[in-house]
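> Spelled out, the chains give:
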Amino acid sequence: MSKYTEDDLREELKTQEYEYGFYTYLDAETFPKGLNEDVIRAISAKKEEPEWMTEWRLDAFRKWEAMEEPEWANVTYEKPNFQEISYYSAPKKADPNKSLDDVDPELLEMYRKLGISVDEQKKLQNVAVDIVVDSVSVATTFKKTLNEKGIIFCPISEAIKEHPELVKKYMGSVVPKTDNFYAALNSAVFTDGSFCYIPKGVTCPMELSTYFRINEGGTGQFERTLVVADEGSFVSYLEGCTAPSRDENQLHAAVVELVAMDDAEIKYSTVQNWFPGDKNGKGGVFNFVTKRAVCETNAKVSWTQVETGSAVTWKYPSCILKGDNSTGEFYSIAVTNNYQQADTGTKMIHLGKNTKSTIISKGISAGHSHNSYRGLVKVNSKAENARNFSQCDSLLMGDLCGAHTFPYIEVKNKSAQIEHEATTSKIGEDQLFYCNQRGIDTEKAIALIVNGFSKDVLNKLPMEFAVEAQKLLEISLEGSVG
Amino acid sequence: MLKIENLHAKVEDNDILKGLNIEVKAGEVHAIMGPNGAGKSTLASVVAGNENYEVTEGTISLEGEDLEDLSPDERAHKGVFLSFQYPVEIPGVSVTNFIKTAINAKRKANGLQDMPAGEMLKMIREKSALLEIKKDFLSRSLNEGFSGGEKKRNEIFQMAMLEPKLAILDETDSGLDIDALRIVANGVNKLKSKDNAVIVITHYQRLLDYIVPDFVHVLADGKIIKSGGKELALELEEKGYDWLVK
Numbered sequence: 001m002s003k004y005t006e007d008d009l010r011e012e013l014k015t016q017e018y019e020y021g022f023y024t025y026l027d028a029e030t031f032p033k034g035l036n037e038d039v040i041r042a043i044s045a046k047k048e049e050p051e052w053m054t055e056w057r058l059d060a061f062r063k064w065e066a067m068e069e070p071e072w073a074n075v076t077y078e079k080p081n082f083q084e085i086s087y088y089s090a091p092k093k094a095d096p097n098k099s100l101d102d103v104d105p106e107l108l109e110m111y112r113k114l115g116i117s118v119d120e121q122k123k124l125q126n127v128a129v130d131i132v133v134d135s136v137s138v139a140t141t142f143k144k145t146l147n148e149k150g151i152i153f154c155p156i157s158e159a160i161k162e163h164p165e166l167v168k169k170y171m172g173s174v175v176p177k178t179d180n181f182y183a184a185l186n187s188a189v190f191t192d193g194s195f196c197y198i199p200k201g202v203t204c205p206m207e208l209s210t211y212f213r214i215n216e217g218g219t220g221q222f223e224r225t226l227v228v229a230d231e232g233s234f235v236s237y238l239e240g241c242t243a244p245s246r247d248e249n250q251l252h253a254a255v256v257e258l259v260a261m262d263d264a265e266i267k268y269s270t271v272q273n274w275f276p277g278d279k280n281g282k283g284g285v286f287n288f289v290t291k292r293a294v295c296e297t298n299a300k301v302s303w304t305q306v307e308t309g310s311a312v313t314w315k316y317p318s319c320i321l322k323g324d325n326s327t328g329e330f331y332s333i334a335v336t337n338n339y340q341q342a343d344t345g346t347k348m349i350h351l352g353k354n355t356k357s358t359i360i361s362k363g364i365s366a367g368h369s370h371n372s373y374r375g376l377v378k379v380n381s382k383a384e385n386a387r388n389f390s391q392c393d394s395l396l397m398g399d400l401c402g403a404h405t406f407p408y409i410e411v412k413n414k415s416a417q418i419e420h421e422a423t424t425s426k427i428g429e430d431q432l433f434y435c436n437q438r439g440i441d442t443e444k445a446i447a448l449i450v451n452g453f454s455k456d457v458l459n460k461l462p463m464e465f466a467v468e469a470q471k472l473l474e475i476s477l478e479g480s481v482g
Numbered sequence: 001m002l003k004i005e006n007l008h009a010k011v012e013d014n015d016i017l018k019g020l021n022i023e024v025k026a027g028e029v030h031a032i033m034g035p036n037g038a039g040k041s042t043l044a045s046v047v048a049g050n051e052n053y054e055v056t057e058g059t060i061s062l063e064g065e066d067l068e069d070l071s072p073d074e075r076a077h078k079g080v081f082l083s084f085q086y087p088v089e090i091p092g093v094s095v096t097n098f099i100k101t102a103i104n105a106k107r108k109a110n111g112l113q114d115m116p117a118g119e120m121l122k123m124i125r126e127k128s129a130l131l132e133i134k135k136d137f138l139s140r141s142l143n144e145g146f147s148g149g150e151k152k153r154n155e156i157f158q159m160a161m162l163e164p165k166l167a168i169l170d171e172t173d174s175g176l177d178i179d180a181l182r183i184v185a186n187g188v189n190k191l192k193s194k195d196n197a198v199i200v201i202t203h204y205q206r207l208l209d210y211i212v213p214d215f216v217h218v219l220a221d222g223k224i225i226k227s228g229g230k231e232l233a234l235e236l237e238e239k240g241y242d243w244l245v246k
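Just so you know, the protein sequences line up as chains A and B, in that order. In this text, residue positions in the first sequence follow full-length UniProt numbering: the first is 1, and each later residue adds one. In this text, residue positions in the second sequence follow full-length UniProt numbering: the first is 1, and each later residue adds one.
Some hints here could point you the wrong way.
Unchecked claim - Taking lysine to aspartate or glutamate and the EDC-like style, the derived pairs with C-alpha atoms no more than 16 Å apart in a straight line are:
1. LYS444(A) to ASP114(B)
2. LYS356(A) to GLU419(A)
3. LYS426(A) to GLU89(B)
4. LYS190(B) to GLU144(B)
5. LYS444(A) to GLU144(B)
6. LYS353(A) to ASP399(A)
7. LYS455(A) to GLU144(B)
8. LYS108(B) to GLU443(A)
9. LYS200(A) to ASP230(A)
10. LYS79(A) to GLU68(A)
Hints listed in this document are in silico derivations from the structure and should not be mistaken for laboratory results.
Excised from the complex, chain A in its bound form (with noise of 0.2 Å):
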């Protein structure tokens, strides 16, 4: 019998291999598993950081001491033994300010795997991308182009040391060092990340867009994005990750700051694709992170986000509409497969007058998986006529899988304007049967139904990522019907 079963896309999905599983040999410089004030001083020296940081780190590790990691979130996993990862490592080569030519072989070899394109020359998209592999920004490209406009995009590692004014003003602005446990550890440890200041009245005139890549076994990253946009400015910034396949569990703890000051627009995008672990749970990426933007008068701050990676992710990017007529939006889509667990959703704080908000969220669930979708909505007593609608979508694959919604609102002002709607559908045999009976075969037919299902979040994505994005969930869900 040529019939395709549901076991033959069972066992497809058990022999499917995460894409980006490689690794790659450089030759590296590691820091010793283990974390205590001297490592970090000792990651704070190696980035030949003034004094004020290194204090700023000490002061973050000291308050990180006195807490304790979470337990909230809908998920299980085995906490992480914080001296059993070490805090630095970097390609021994790397070095964002040489040519390309000087770069590692194997580097550029692995930026060929990703699909990235460093080549200026060839401006194959118009982006202009930082590359953090491990704890190092190695490339960053535009970067003449950018500055002609007074644009700055730099690893976070040289914004302190060229633009310690704004790294200062702005760093820990949005997420205090004591905001939560990650926060604080990531405050203590952070090794890199991108920098982008865009100056009052100025469009950025290309996509920016950062790409994680982890390296090394053994270590774990800890990335610090700060993106300021002054007056009137506009900024469309993408990230994109991924990591070897691993049976130990890595973590990532982020932190992304974002600030629109008056009348200015930032769209934040990401494609989170962390190694997810195997069929049977083993491995994968803990992705712990915290993303705030503030909003000043009129400005607008869009979050979109494609998770489909990660063995367990719990992350919030959150909105404070803090001046009048602040906009926030939050585009989710979700996908958790086999073991994966995620727990993430946003916070929209409308303190402002006629503040708006939008949260549409689209979770996929398939396999053994969890996906919770976790949400506040908050209107302050002097937030006027806040406006807030919310729809969070799940959709399951199998009936061994959970789906989870868990919206808070908390309303202060009697004159806001709430709508939240929630839909739970499952991929029906009927609706497959119908796609075969038309020749499409099964993979495809789920393929269309999950890219019908997150269109409205699909189309939030700049042009260059959305068929990326596209691909990625038809990856991530291959096989998966159950």
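Dock chain B against the given chain A, drawing on the hints supplied.
Chain B alone, transformed into the frame defined by chain A:
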């Protein structure tokens, strides 16, 4: 074209088809009528390869090729088309995107490249005109919020686009007002040729005024119990089925 011999099929533990025989030649239109629960829709599903039904005995062949080992999508690639009685909704997938995916899947299976966009557009324009489908309809989500008439019209539109060898229309007339019925039937008639065949499953003579069958079969209790020309349909309309079913 289609030859079904001694077909037995069941769903879960219920035997539904119990030794059904039928032969449909290219260029012919056959109508299958019969009381509720006789197995009419089961026959449609089994020919299309729905895996909820188990064929326990007998054979189905299309142009001499046994269909038993072929999955539903492979049967579709060979030219089997089923117009569903209850077409399903696929939210977020437009009518155009869906038919484009279907056409290219079929072409790929037959060793062809994707249909060039220009050609696709031209074909969509032609076939949607045939079924009096408006442009904005094509960008709506497949069957989502469609009226009964819109759903059936969309089924026949897909049939027109896919140009099947064998089309099975399962109660395409149910839920249609008289204008929609005329449009749908007219579409089917225009698609008929000496190289393809149509099986119309219906309860009512009404549809057969528009799509005139060469043969009419009565299906009752899992078997064809009477066959005849188009006049048989009129007789059934008048007398019902009771005189045939003991």
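> Each hint should be assessed against the structure and marked as holding or not.
Here is what the structure says about each hint:
{"no.": "1", "hint": "LYS444(A) to ASP114(B)", "verdict": "holds (15 Å)"}
{"no.": "2", "hint": "LYS356(A) to GLU419(A)", "verdict": "holds (12 Å)"}
{"no.": "3", "hint": "LYS426(A) to GLU89(B)", "verdict": "holds (12 Å)"}
{"no.": "4", "hint": "LYS190(B) to GLU144(B)", "verdict": "violated (27 Å)"}
{"no.": "5", "hint": "LYS444(A) to GLU144(B)", "verdict": "violated (20 Å)"}
{"no.": "6", "hint": "LYS353(A) to ASP399(A)", "verdict": "violated (45 Å)"}
{"no.": "7", "hint": "LYS455(A) to GLU144(B)", "verdict": "holds (15 Å)"}
{"no.": "8", "hint": "LYS108(B) to GLU443(A)", "verdict": "holds (15 Å)"}
{"no.": "9", "hint": "LYS200(A) to ASP230(A)", "verdict": "holds (5 Å)"}
{"no.": "10", "hint": "LYS79(A) to GLU68(A)", "verdict": "holds (11 Å)"}
Violated hints, in rising order: 4, 5 and 6; the structure is consistent with all others.
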